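**Q** Next come the chains, spelled out residue by residue.
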Amino acid sequence: MSTGTTKLDVVVSDVVPVNDLVTRFHFRRRDGQLLPTFSGGAHVVVEMRDGERTRLNPYSLMGSPLDTREYTISVRRDDVGRGGSLFMHRNVRPGHEMVVSYPVNLFSLDLRARKHLMLAGGIGITPFMAQTAQLAAEGGNFELHYTCRTASLGTYADLLRERYDRRVRLYHDDLDERIELDRLLSSQPLGTHLYVCGPAGMINWVRERAATLGWPSETVHFEHFAAPQPGLPFDVTLAVTGKTIRVDEQQSVLEAIEAAGVDPPYLCRGGVCGQCETNVISYDGKFIHNDHWLSEEDHRSGCKIMPCVSRFEGRSLVLER
Amino acid sequence: MGITFRNETFRDDFTFRNSPEHIRRFPFPFHEDAYMYAVNIEPHVVGPKGSVLENLIDVDEHYVAEMQDRAMVLAEDPLRCQSLPHMTLAGWDLLELLMEQQAQGYPEHFTLTRDGDRWRWINRPLGIDDTFTFGDTSTLPYGPMEYITRQSQGDFCILDQRDGNLWMDAGMVTTQADWSLDFDIGMNFFEWHAPVPLAHEKGIFTRALKFLTNIQQGKPARRLNWTMTINPRLDTSPENYHKWGPDRTTVTPENVGDKVHLRVELQSFWRLPRSNGIVFPIRCYLIKMDELVTQPKWARRLHRVIRDLPDELANYKGLTRYRPTLVEWLSKLDDGSPTSPGFGPY
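Same order as they appear, the protein sequences are chains A and B. The first sequence lines up with residues 0 to 320 when you count with numbering that gives the first Met the number 0. The second sequence lines up with residues 0 to 345 when you count with numbering that gives the first Met the number 0.
None of these hints come from the bench; they were simulated from the model. One or more hints might be untrue.
Below, simulated DSSO-like cross-link-like pairs (lysine-lysine); rule was C-alpha separation at most 27 Å, straight line [claimed, not checked]: (1) A:LYS6 <-> B:LYS48; (2) A:LYS242 <-> A:LYS285; (3) A:LYS6 <-> B:LYS242; (4) B:LYS209 <-> B:LYS296; (5) B:LYS48 <-> B:LYS218; (6) B:LYS218 <-> A:LYS6; (7) B:LYS218 <-> B:LYS242; (8) B:LYS331 <-> A:LYS285; (9) B:LYS331 <-> B:LYS296; (10) B:LYS316 <-> B:LYS242; (11) B:LYS316 <-> B:LYS48.
These numbers were taken from a predicted model, which means no experiment stands behind them.
Sequences and hints are given; from them, build the entire structure.
**A** Right, here's the structure in full:
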């Protein structure tokens, strides 16, 4: 979703260990200007250049949207993940120059809500840091329920209690404290919106209970914390221009075609406008179609691809370019 | 330098005219000799100097007159400007966007000074110099959206994004091609587009919605739309149909050049940062046939487009009654020679 955003050149202005697992990173603009304004729940995609490899990971902005001198993110170390969080923890130091995307919000507050009921699990607390700051500044009505493994791993729990007092309720797994979800969901005033961010199991549990208890789906908001899936590299033969190109992990087919000096038409670069639609001459493998332009029939036929967003896995692909 | 603002009217005696420079910069909407719907969306980036895309928010010689016309419309009908209660934050987003764009594009006419949340806004063409607190509605004479859109050409719809849809929850609409904010307020994207013929069958709205809900901050998009209007009237609203509808019966072979206007909307789409809404400015450009046909390529092409337009579209755009008269008049300016590809006059 975040591909195609404008990029920001930033410098790491501070690195703050928060607890055994979580470290906070502060970014400022290299040119000293203010960063773009954002809304609570927004994330940025951080580009990590790790030798030959580039990773693109999304992280929620956790500072106040009212302060755009810096962006802050909190990264939980994942010892078995794709390596992005380890790179951040091990390699990123103050003064490090990095590139982040413009903010994108896929977990927006519904500003019609009479009350915002927030449920956080673990590192899923980060988008709520920004949302509570935004709501508190406007006198908004919110209540935050936050579950963490232990008090020492309760990232920002003390800070939230200090800022918002009884509007924040903490639950510690090691003390066997549990959200009484059914009671909580059954006792909310009309016009309440529910937000949940945390492990997939928690999100599924909350959505299932909310649905069972009659919450309209449009009042239940959730954000799965998943890194974007870059594709495997693959080769493409361009039949018209007689070139063979390599599409890298982080590159679109369109970008690879352009890098080879071929200039196909395009407008939106987002799989919608249809301008870069390309005929497939032959293939041996499978397509990963990500566009909104081609019909399902086109997708099944294997005759067309939208090179701005779609990918391919297999032995050979020949395009009419 | 700066713009010389025209003293002109969009009603009664209709003194609106385009200067020769403004004829040449007119956003002619046909890149070929035929027209059909397409998802003609492209990135809204700055275009050539001297075009309407020189700045992303365009201010032109009609600015002062258009703002006067807007004030008259609002005095008669305050419901042309509405903002549902949850849209105030988006109104501040829009105020910031328009002040920044106008001050950046036209520093001789507009100045914005920011000191934290203490802002000073100087609008020289309209004689405004206000200091206010950003975010505090009580420091402005109107709500933030109304305040800034009384000082910005074009209509503005602010769309709330939720449940995978867009909702028309605020707007300033006084220069519209026969649609009503008061009727559409609170509707979602499919509801307010329900009357458009042919496009639903082509799946255009489903794709357009997907594109719009993905618009990113800092990456606005745009498209052109068009219709025709008799007399240079900005306010062709359903509320005032009784005033402008009958104008369509007044077109004669003698007055086509003066009365019939091509009406082009430059529509753009911007993500708003604080509210995560979308603002949809609809900027209306008018040009009378006499002015348009000073560019021979445009005259030939417009003849072919109007002549060959599918009946459903001609009817939806309200051209049916005077189309034969217009086509006959334009045909005399079309010698059948080819037209070059693209929008430009040459």
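**Q** Now tell me if each hint is right for this structure.
**A** A quick look at each hint next to the structure:
Of the pairs offered as hints, the one joining A:LYS6 and B:LYS48 holds, with about 26 Å between alpha carbons and a cut-off of 27 Å not exceeded. With a C-alpha separation of about 21 Å, the suggested pairing of A:LYS242 with A:LYS285 holds against the 27 Å cut-off. A distance of roughly 50 Å separates the Cα atoms of A:LYS6 and B:LYS242; the hinted pair therefore is violated under the 27 Å criterion. Of the pairs offered as hints, the one joining B:LYS209 and B:LYS296 is violated, with about 36 Å between alpha carbons and a cut-off of 27 Å exceeded.
With a C-alpha separation of about 20 Å, the suggested pair B:LYS48 and B:LYS218 falls inside the 27 Å cut-off, and the hint holds. For the suggested pair B:LYS218 and A:LYS6, the alpha carbons sit about 11 Å apart, so the restraint of at most 27 Å is met. Between the alpha carbons of B:LYS218 and B:LYS242 the distance comes to roughly 39 Å, so the proposed pair goes past 27 Å and is violated. Proximity of B:LYS331 to A:LYS285 is assessed by CA-CA distance (about 57 Å); at most 27 Å being required, the pair is judged violated.
Restraint check: the Cα-Cα separation between B:LYS331 and B:LYS296 comes to about 13 Å, which is no more than 27 Å; the hinted pair holds. Under the criterion of a C-alpha separation no larger than 27 Å, the hint pairing B:LYS316 with B:LYS242 is consistent with the structure, at around 17 Å. Pair hint B:LYS316 plus B:LYS48 does not hold up; C-alpha atoms about 31 Å apart against a cutoff of 27 Å.
When each numbered hint is compared with the structure, violations occur for hints 3, 4, 7, 8 and 11.
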